[in-house]
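**Q** Sequence:
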Amino acid sequence: LEGRDRPDVLYVFFGFTAGENTFIHEIIEAAGGTNLAAEVGISEYQKVNDEMVATEDPEWIVLNSNSPEIPDSEAYDGTTAVRDNQTIVVNINHLNRPGPRIVYAIAELAEAFHPEAYADAQREIEATDETASNDSSIAEGETEPPSADESEPNGSTDRGPGEPEDQPGFGAAVVLVSLVAFLGVKRRLPRGSDGDA
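Numbering (this note's numbering), first residue to last: 858 to 1054.
Derived by calculation from the structure, the hints in this document are not laboratory data. Cβ coordinates follow ideal geometry from the N, Cα and C atoms, glycine included. Keep in mind that a hint or two might mislead.
[Claimed, not checked] Cβ pair distances, simulated, as ranges:
| hint | residue 1 | residue 2 | range |
| --- | --- | --- | --- |
| 1 | Ser930 | Gly898 | 18 to 24 angstroms |
| 2 | Ala911 | Glu859 | 30 to 36 angstroms |
| 3 | Gly956 | Glu877 | 34 to 40 angstroms |
Work out the full structure, taking the sequences as your base and the hints as a guide.
**A** Below, the structure written as structure tokens:
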């Protein structure tokens, strides 16, 4: 996203928003957006008022699947997000639950906020995966990489139930998020504790 403008984003659920000091703020920022709630000084979770919505005029409104409706008011109706149909509903399990699946929320938002950059990144990932696959095949004496049928017998996948099928290349991101979460837990342990019960 270097050199690209970050759109102003407002996350709304049941009349509340997520400001600084929330992992949802981090998700919005990681996806290439600017969290308007944080910009106006909101910290943690607070109610959203129509005056702030009208004044700040979000370019994108993010909703979750448990609260998928845009609030019914003139303030929201007058936003760039509503006028330009730039609203997105994200699965609550990916957005509101801190854990490895937040990478799906980040990817979905990044694709919405920056479709061209996201497509470029996907092409780079696919090219890297293809090169790595070809290198691996040559090292093992094969003439071409295994087909999808060979690598996934009987159509099996490593996806968990309900996970999107069209999110290739996020294994490294899941590992990274898990590592960051682990390090955060270790940092909070009392001195001399090794985390054993």
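**Q** Run every hint past the structure and note whether it holds.
**A** We went through each hint and held it up to the structure:
Ser930 and Gly898 have their C-beta atoms about 22 angstroms apart, which keeps the hinted 18 to 24 angstroms range intact. The supplied range of 30 to 36 angstroms is met by Ala911 and Glu859, whose beta-carbon atoms lie about 32 angstroms from each other. Distance hint check: the CB atoms of Gly956 and Glu877 are about 21 angstroms apart, inconsistent with the given range 34 to 40 angstroms.
Against the hints set out earlier in the document, a violation occurs for number 3 only.
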